[in-house]
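Fit chains X, W and C to the known structure of chain F by using the hints.
4 protein chains.
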Amino acid sequence: MKAIVVRPPSTGAEITDIEIKPEKLDGLSIKILENGVCGTDREIVKGLMGEAACPPGDRYMVLGHEAIGILEEDGKYLKKGDIVMPVNRRGCGKCLNCLCGRPDFCETGEFIEAGISGMHGFMREKIIDYEEFLVPVPKEIRDIAILAQPLSDLEKSFDEIVSVQRRMIWTCKDGTYNCRKALVVGTGPIGILMGLLLRSNGLMVYMANKREPTEKESKIFQTAGIEYINTEDDFSGVLMSGLRFDLIFEASGGTADIAAKSLKILKNNGVLGIFGFSSTGHAELSSEDLQKLVYRSIAVVGLINGQKPHFQRAMLRLSEWNTIWPEIMKELITKTVNINDKVSVMKVLESKGPGEIKVKITW
Amino acid sequence: MKAIVVRPPSTGAEITDIEIKPEKLDGLSIKILENGVCGTDREIVKGLMGEAACPPGDRYMVLGHEAIGILEEDGKYLKKGDIVMPVNRRGCGKCLNCLCGRPDFCETGEFIEAGISGMHGFMREKIIDYEEFLVPVPKEIRDIAILAQPLSDLEKSFDEIVSVQRRMIWTCKDGTYNCRKALVVGTGPIGILMGLLLRSNGLMVYMANKREPTEKESKIFQTAGIEYINTEDDFSGVLMSGLRFDLIFEASGGTADIAAKSLKILKNNGVLGIFGFSSTGHAELSSEDLQKLVYRSIAVVGLINGQKPHFQRAMLRLSEWNTIWPEIMKELITKTVNINDKVSVMKVLESKGPGEIKVKITW
Amino acid sequence: MKAIVVRPPSTGAEITDIEIKPEKLDGLSIKILENGVCGTDREIVKGLMGEAACPPGDRYMVLGHEAIGILEEDGKYLKKGDIVMPVNRRGCGKCLNCLCGRPDFCETGEFIEAGISGMHGFMREKIIDYEEFLVPVPKEIRDIAILAQPLSDLEKSFDEIVSVQRRMIWTCKDGTYNCRKALVVGTGPIGILMGLLLRSNGLMVYMANKREPTEKESKIFQTAGIEYINTEDDFSGVLMSGLRFDLIFEASGGTADIAAKSLKILKNNGVLGIFGFSSTGHAELSSEDLQKLVYRSIAVVGLINGQKPHFQRAMLRLSEWNTIWPEIMKELITKTVNINDKVSVMKVLESKGPGEIKVKITW
Amino acid sequence: MKAIVVRPPSTGAEITDIEIKPEKLDGLSIKILENGVCGTDREIVKGLMGEAACPPGDRYMVLGHEAIGILEEDGKYLKKGDIVMPVNRRGCGKCLNCLCGRPDFCETGEFIEAGISGMHGFMREKIIDYEEFLVPVPKEIRDIAILAQPLSDLEKSFDEIVSVQRRMIWTCKDGTYNCRKALVVGTGPIGILMGLLLRSNGLMVYMANKREPTEKESKIFQTAGIEYINTEDDFSGVLMSGLRFDLIFEASGGTADIAAKSLKILKNNGVLGIFGFSSTGHAELSSEDLQKLVYRSIAVVGLINGQKPHFQRAMLRLSEWNTIWPEIMKELITKTVNINDKVSVMKVLESKGPGEIKVKITW
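From first to last, the protein sequence lines stand for chains F, X, W and C. For what it's worth, the working numbering labels the leading residue of the first sequence as 309, then goes sequentially. For what it's worth, the working numbering labels the leading residue of the second sequence as 309, then goes sequentially. For what it's worth, the working numbering labels the leading residue of the third sequence as 309, then goes sequentially. For what it's worth, the working numbering labels the leading residue of the fourth sequence as 309, then goes sequentially.
Excised from the complex, chain F in its bound form (with noise of 0.2 Å):
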């Protein structure tokens, strides 16, 4: 079948026929219909893995980690003609975590990631695959569901960010979230959709990048209420304004001196939680930077991957924002290519286009 196949290390990606071994003979046969492209996937490209993330025995991998497809046959509980979003990580299946469902909180290291490690992705034709890994698409929100992938990781995140802060009370005097003021740095995929999360979730939210906003960004962020900060000047402005922040949220993916800056503007009992990669710089901390989150109760927390939980509540969280914000989620599908048009899909999984949010393949 056809598939767009990466040979870590090696750099590049092509569209080609393989056959895949089905190796899960009781699993049920899906039809892919679109696959979300994400950083990581521009990673892989570029040849940040090596030859060991490839599935035993196999030299190559099918990329993609961000899909829906049709069922081509009935489950147990799910039906011939489903919509379906395959969950990406797979447990260890020794760990409790995993045991538990939950290999996001793998402790062995030993899960496996489709289209990123261990696992052949889901940028094919066909996928076969169990029903338990299988999260239903509301047809309604079939236009923007790939994004439930990405959201199940923030939803995952915001989930963790409060089970730590219930080391104390951390809600407000009515009871809400509404006082605690949030600050997303990053404004991809991943900054927008946590921005329009925590507004769910009733927090004051503000997000920042290193520019003024795009037209787009303005409008979304309008329409949901958040606040926008322009960090060129590398949060001096923040610092010297006085504004303080409950959460932080470090989704920029830049210099990691962004995590030391966030321990300065983040108030007592504040939570700096750590998403996606920085891939360059250091973060120096002095001993009253330690000094200060000792005495103000700071956590520092490492957020990644959403597990079926979250997908189920992603799919759910698009349903609630395709009613109060239809005119943000017509913005966040920046660009949709057809697998046959080989050069747009080329260009697309090797780098960010200008402007863009989140972009589809469809099959």
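Keep in mind that the hints were calculated from the coordinates and are not lab data. Certain hints may be false.
Each pair may be met inside one copy or between any two copies, as identical chains are not told apart.
[Stated by the list, open to error] Taking lysine-lysine pairs in the DSS-like style, the calculated list, with each CA pair at most 25 Å apart, reads:
| id | residue 1 | residue 2 |
| --- | --- | --- |
| 1 | 650 | 388 |
| 2 | 660 | 447 |
| 3 | 489 | 387 |
| 4 | 575 | 384 |
| 5 | 572 | 600 |
| 6 | 489 | 402 |
| 7 | 402 | 332 |
| 8 | 354 | 575 |
| 9 | 655 | 643 |
| 10 | 332 | 524 |
| 11 | 600 | 332 |
| 12 | 354 | 489 |
| 13 | 660 | 310 |
Below, chains X, W and C without anything else, positioned relative to chain F:
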């Protein structure tokens, strides 16, 4: 009455006669029996506090936040003759955490602390205090009860760590914490008490310092089943050995870079709890360090101050240890000086003695 | 202004002109758009409340605790023209739960409730209220937004059930609640909304009533994937079938013996949530019933009243359902009467109509 | 080897020689030192179990689920000569709670229990068991360590109660449980141990039985600061006095109607924890009783079985009590009989003696 007084920001302390206006007219009178001395007291004596630390209207402050005393009158629940320990931090009266008796998580930062900030301390003949801030001391552990104040901070710390780890399954296959490996950095009173506390909670405990252990330390660690690691080599031995931890508790008050080094030897889902204050150095985290923090779901938490529930638990913890580790309990109070021996009192307030674990002043 | 007024303990209600002293001088003026009618309103009209229920100083009470209105002036966050729903229960101002915005768990019992006890209700032209008690209504769901008040009670109920079940692992092998079987007893508005809410949270849902479902009910249940059980036989069919539940939500307001019968069909670790008030009968539990409750680790929980966080979530839940179940949403408001149609208003206040789910009064 | 054997459903027990096939070949050999006798043992001796309770393949069962013994060989962590207590319930190996070491919440019901169901008990010269099920006994509390088995059930019970109460704020204004009033119904060993445990956790404790307290009980209650209530009048005195409770722990094993009566004297947000098995009577709840359960947010919870974390905590709890209540500890073991004194052994297995708290059999 006789009291040990500091006049921040001046250095030094003096034993002098003062008259404290009886602001808590409806409080109970307590004759002080003993005070504990800790690093914070010595920092204040060194002049590290500003004048603003003094109680409102005063230009001096009575030192001391660790004390036990004897009640001189009946309260509602407590009786004349009961031995009690006063809780040292008092809430702001405004934020929800303070209203719920948890000024350890004060949001406003407007709490006060006896002998540290905004409130006269306990190193004086008598204090007047409200019953709600007094914790009964079982008479059977009177000799070691002064340890309950620092131990309360650690009961709270462990509580908070467990609370943070509820973000996942952190208990072991037998429902306990027995499979969890903890490293306590620093072998001062805080380090030792935390090591014992973690053992009581079932964890495997390693303690580290940049030298060989003293004979006393060796005895304590052996009795409690704690392993010792000499980290003179700056953790390079640990790094190479492959020994990794689920929890690292930084209590060395050493250079800030211990925090950075700790991240390298934490397991997946691990926690770095920072207690006490690094006074020098800085922590430099590379972007790779931050990446690991993310894909390993690491949490870093600033830990400070125990409150009344933790004082109560600390009293019972000491009672427990009194039964199972009587030979350790004998080693923890390394020096006792009487308030009338001015020279010795000044000496213990100025610097830590060789082999010191906890020093107390008797009245 | 025009208002629907009751004079407990007299039966009946009247539409009359009243002047309410503007006790909340610094509140915001809200023009009422719609009120919902529920069973509690009808019980009050039937004279089941004592005179003590009237607001202090008054011998009458404006009825109504379900309302949406339009803001007539700007608040701090809300703007003139915003549609809002007022929260109906207000705290005692004394206990910790009320101080934390959770009078649903008021300890003193001294809370007040609009249109029910100690506070004039919302069935009147205008109310003056504080911004903190107003929940914004997304304009896209204005037609069904009145359902957010009863739904808030159910969001709270599910929250509390999940909280109670944290005593163990209650999520399934895939981390979701998909394997959990819930039975909702009663198919009034509360039952139906709870059935939908449980479906949204992934549970398998069964609904029960002592008759065949109406056509409308059948349509709703089929759309949402809910099974229906006719329990005219007093649960004997269920008992014999071996069908057992993880959660039973009693919302029938029927005879008390349903609680007793429920215990017999709960699985190990199951929960019986009781919502609403049985008015007749009694529950007889044998010693064997109680033994089962013990060795099966059963919990029984009384569930009541949602607060502001639940109102906010209810608004988003309706938005979610508006996308995925538009055909169900159309069925839930079964009747709308205008305040000027006095005869119809009185009729809907006196008794439940045939096939009624939710009735609303427009102004 | 010598063992106390039952042949359900026959009544009676015998001390006889049996050969138990060494099914746990890789387990550790433990020489039994002492067994505790409890009500469940006596019910089995009375013939209340079916033959199905016997271990697979056997038509008899060794009795006993409370034991301490001495290790006869080295384990991985434990050493020859260590005193240990075996955990008595073992998981089904299938459900998530059992996989996580918590068969107290077994979902399948397929757990086994030493000396009760599906597994030979501990009343025999030797057992072979796996290290993971062995809990070290501090040598300093060897005399009272047999109490750790029933106490483990209560550590779990209090844990579960606190977990259930996390649905709201249940701590007091000082962050403790000191303001909470608990009533323990029943003054058998379970009742007394629970009373002490609740005191250790800071609650105000009342204990009730249908008679005047014995001298021994009075001494215990006075030492621990527990109030006693004679409920010969069937709680009518309590009802009239207005005394109300935040927690009622039913441990009387009496008539089922105590559960019903308890609901009438619970405060808002209260919990009724039911432990042990009512053998007669029934609880009749009126619709008013159920209404109160709802509007007071009452929870009723079945409480059963402690697991390894609770055994470990129970050992430390006894160590704590050994320090603070040595005079109480002396009173709890009311009789010791040796296995060679067959007549006395049979007598203690058949019925509870006058003034008995805990009886143990030595080997």
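For each hint, the structure was consulted:
1. For the homomeric pair residue 650 and residue 388, neither the shortest alpha-carbon distance inside one copy (30 Å) nor that between copies (53 Å) is at most 25 Å.
2. For a Cα distance limit of 25 Å, the shortest separation of residue 660 from residue 447 qualifies neither inside one copy, at 28 Å, nor across copies, at 36 Å.
3. For a Cα distance limit of 25 Å, the shortest separation of residue 489 from residue 387 across copies, 20 Å, qualifies, whereas the shortest one inside one copy, 43 Å, does not.
4. Taking the shortest Cα distances, residue 575 and residue 384 sit within 25 Å of each other only across copies (22 Å), while inside one copy they are farther apart (49 Å).
5. For the identical chains of this complex, residue 572 and residue 600 are neighbours both inside a copy (8 Å) and across copies (22 Å), given an alpha-carbon limit of 25 Å.
6. When the C-alpha separation of residue 489 and residue 402 is checked against a cutoff of 25 Å, the pair qualifies only between copies, where the shortest distance is 19 Å, while the shortest distance within a copy is 39 Å.
7. Proximity of residue 402 and residue 332 under a CA criterion of 25 Å is satisfied in both settings, with 20 Å inside one chain copy and 23 Å between copies.
8. In this homomeric assembly, residue 354 and residue 575 never come within 25 Å of each other (Cα to Cα): the closest approach is 39 Å inside a single copy and 29 Å across copies.
9. Within a single copy, residue 655 and residue 643 get their C-alpha atoms as close as 12 Å, which meets the 25 Å cut-off; across copies the closest is 56 Å, which misses it.
10. In this assembly of identical chains, residue 332 and residue 524 lie within 25 Å of each other by CA distance neither inside one copy nor across copies; the values are 43 Å within and 42 Å between.
11. Proximity of residue 600 and residue 332 under a CA criterion of 25 Å is satisfied in neither setting, with 52 Å inside one chain copy and 32 Å between copies.
12. In the homo-oligomer, the alpha carbons of residue 354 and residue 489 never lie at most 25 Å apart, since the shortest distance is 37 Å inside one protomer and 38 Å across protomers.
13. For the identical chains of this complex, residue 660 and residue 310 are intra-copy neighbours only, at 24 Å inside a copy versus 61 Å across copies, given an alpha-carbon limit of 25 Å.
Checked against the numbered hints given earlier, this structure breaks hints 1, 2, 8, 10, 11, 12; the rest are met.
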